[in-house]
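Engineer: Sequence lines, in order, name chains H and D. For the first sequence, the positions run 12 to 232 when the numbering used here is used. For the second sequence, the positions run 106 to 356 when the numbering used here is used.
Hint data in this document are derived by calculation from the structure and do not stem from the laboratory. Each hint should be verified, as a subset may be incorrect.
As the list claims (entries may be wrong) - If the Cβ cut is set under 7 angstroms, some of the chain H residues that face chain D in the computed set are:
no. : residue
1   : Ile158
2   : Leu162
3   : Arg167
4   : Gly170
5   : Leu176
6   : Gly190
7   : Ala217
8   : Val221
9   : Ala225
10  : Gln229
Note that CB positions come from ideal geometry on N, CA and C, so glycine has one too.
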Amino acid sequence: MRALLGIVRRDLLLAIRQGSDSVAILFFFVVAATLFPFGVGPEPNVLARIAAGIVWVTALLAAMLSLDRLFQADYEDGSLEALALAPTPLGLTVLAKGLAHWLTTGLPLIAASPVLAVMLNMEAAGLGLLVAAMALGTPSLSLIGAIGAALTLGARRGGVLISLLVLPLYIPVLIFGVGAVDAALTGLSPRPHLMILGALLLLSLALAPVAAAAALRQALE
Amino acid sequence: MHRFANPSRFLRLGQAVLPWSAGLTVLLLAIGVPWALLVAPPDYQQGESVRIMYVHVPAAWMAMFVYTTVAAASASALIWRHPLGDLIARAASPVGAWFTVLTLVTGSLWGKPMWGAWWVWDARLTSVLVLLFLYLGHIALANAFEDAGRGEKAAAVLALVGFVNVPIIKWSVDWWNTLHQPASVARLGGPSIHPAMLWPLLVMGLAFTAFFVTLLLMRVRSEFLGRKLRALRLTQAAQGMAEAPAGAEVS
Numbered sequence: 012m013r014a015l016l017g018i019v020r021r022d023l024l025l026a027i028r029q030g031s032d033s034v035a036i037l038f039f040f041v042v043a044a045t046l047f048p049f050g051v052g053p054e055p056n057v058l059a060r061i062a063a064g065i066v067w068v069t070a071l072l073a074a075m076l077s078l079d080r081l082f083q084a085d086y087e088d089g090s091l092e093a094l095a096l097a098p099t100p101l102g103l104t105v106l107a108k109g110l111a112h113w114l115t116t117g118l119p120l121i122a123a124s125p126v127l128a129v130m131l132n133m134e135a136a137g138l139g140l141l142v143a144a145m146a147l148g149t150p151s152l153s154l155i156g157a158i159g160a161a162l163t164l165g166a167r168r169g170g171v172l173i174s175l176l177v178l179p180l181y182i183p184v185l186i187f188g189v190g191a192v193d194a195a196l197t198g199l200s201p202r203p204h205l206m207i208l209g210a211l212l213l214l215s216l217a218l219a220p221v222a223a224a225a226a227l228r229q230a231l232e
Numbered sequence: 106m107h108r109f110a111n112p113s114r115f116l117r118l119g120q121a122v123l124p125w126s127a128g129l130t131v132l133l134l135a136i137g138v139p140w141a142l143l144v145a146p147p148d149y150q151q152g153e154s155v156r157i158m159y160v161h162v163p164a165a166w167m168a169m170f171v172y173t174t175v176a177a178a179s180a181s182a183l184i185w186r187h188p189l190g191d192l193i194a195r196a197a198s199p200v201g202a203w204f205t206v207l208t209l210v211t212g213s214l215w216g217k218p219m220w221g222a223w224w225v226w227d228a229r230l231t232s233v234l235v236l237l238f239l240y241l242g243h244i245a246l247a248n249a250f251e252d253a254g255r256g257e258k259a260a261a262v263l264a265l266v267g268f269v270n271v272p273i274i275k276w277s278v279d280w281w282n283t284l285h286q287p288a289s290v291a292r293l294g295g296p297s298i299h300p301a302m303l304w305p306l307l308v309m310g311l312a313f314t315a316f317f318v319t320l321l322l323m324r325v326r327s328e329f330l331g332r333k334l335r336a337l338r339l340t341q342a343a344q345g346m347a348e349a350p351a352g353a354e355v356s
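From just these sequences and the hints, can you work out the full model?
Structural biologist: Right, here's the structure in full:
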């Protein structure tokens, strides 16, 4: 447990000292979302209808863009090998790194999402649910993304490849994340959507570290 | 099963099976295609366009069956380190991707007259589209590394992760009540489709399966031979380097 907290602390410290990465991801999130009013026109009704989708899709893309720093730096400087040799099971190490990744990218995205949603004319009833759904959904994004990041370590054109691998697996989170907000806006109960998001989180908590650890072992062989 | 994990034994067996599976493919297609396209009755609602089913449904079965094969081969490659598992996964994946494309294209052609749209964002269609993306990701990942072995291992992990999609495809029509019709062949309580249509459909399904087996055996063999060739060239190059006189000019 202490080793895990140590990894989380180390990754957080690295992220804070390097600083610019998290801010750049957040900036991407905001800029990409502001493209939509230009693309579909600034009509308030249209924007309100698609606000949840815009916020979720851009959050998905932002989370995906940040994945390369999950293992890449550690892979290049060799500390990943040291982590793999440590007595802590590699799956738990992945979990700790995923947690650190979520704290540095998922949390800022969650914090920024209601602001973007207001700018896109989302009704107030949807805002709380958007945050709740993002809080349940973004950890899954970090965990599923960890699989993709581990699989593409050392690959040619890793950046393009990772989108091909990860985005299809992100689709369920997107569907139910948007579904929860839409349900609240149309007066239905968002509970089933949130519960499925929770189930997806539990599933990725259980399976993603195992799969990512297997992929990391292949990368380090 | 481990007995047949030896590539050369598998290839010998494959060479023995190949003419039979190829013959079976031709025979079943020769029976199934005329039966499905000429003999089987038109549907009372859909008319003649129901005949698209005899290609669409077997192609969709194969899309899922091939992915299951890829996942099973990948699992055996990861667990027992069978080199044959990697070979089979690499050989089967593009075939499965083409079956998926065939499913989507025939479905689209069928959807236009029946639903009035080439494409709808229905749960079944979307999950099959995701299956195609998984196939493409699998193929791209397997070829993305300098070291072919590393690519295959990574692709194997992806194949296992992506397997979650297969049950979603199967039951998507039951979980979400959308446009694509629910299961009518493999379901509890027996098939709800009339035998006059069921039999040609099953023959076409078997024909597609035999076609896949034939193609897989051929592709595994060529993959294996290609690998041998590469290894031979490498040793030849290494020997050439060693034989070159010490002071020779390297231009």
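Engineer: Double-check H/Val221 for me: the hint is only fine if its C-beta lies closer than 7 angstroms to a C-beta in chain D.
Structural biologist: Violated, about 10 angstroms.
Engineer: Let's test the interface hint: is any C-beta of chain D closer than 7 angstroms to that of H/Gly190?
Structural biologist: violated, 11 angstroms
Engineer: Holds or violated: the hint that H/Leu176 contacts chain D, with Cβ atoms closer than 7 angstroms.
Structural biologist: This interface hint holds because 5 angstroms falls under the 7 angstroms limit.
Engineer: Let's test the interface hint: is any C-beta of chain D closer than 7 angstroms to that of H/Leu162?
Structural biologist: holds, 5 angstroms
Engineer: With chain D as the partner, please determine if H/Arg167 meets the hint condition of a C-beta pair closer than 7 angstroms.
Structural biologist: It holds, given that the least Cβ distance between H/Arg167 and chain D is near 5 angstroms, below 7 angstroms.
Engineer: Quick check on the hint: H/Gly170 CB to chain D CB, less than 7 angstroms?
Structural biologist: Violated, because the Cβ-Cβ distance from H/Gly170 to chain D comes to roughly 11 angstroms (cut-off 7 angstroms).
Engineer: Can the hint on H/Ala225 be confirmed by a CB-to-CB distance to chain D that is less than 7 angstroms?
Structural biologist: holds, 5 angstroms
Engineer: Let's test the interface hint: is any C-beta of chain D closer than 7 angstroms to that of H/Gln229?
Structural biologist: This hint holds: H/Gln229 lies near chain D, its Cβ roughly 4 angstroms from the closest one there, short of 7 angstroms.
Engineer: Let me know if the C-beta of H/Ile158 comes in closer than 7 angstroms to any C-beta of chain D, holds or violated.
Structural biologist: Cβ of H/Ile158 sits 6 angstroms from chain D, so the hint holds.
Engineer: H/Ala217 was flagged as interface toward chain D. Is the shortest Cβ-Cβ separation under 7 angstroms?
Structural biologist: The hint is violated - H/Ala217 has no Cβ within 7 angstroms of chain D, the shortest such distance being about 12 angstroms.
In this structure, the hints that do not hold are numbers 4, 6, 7, 8, in rising order.
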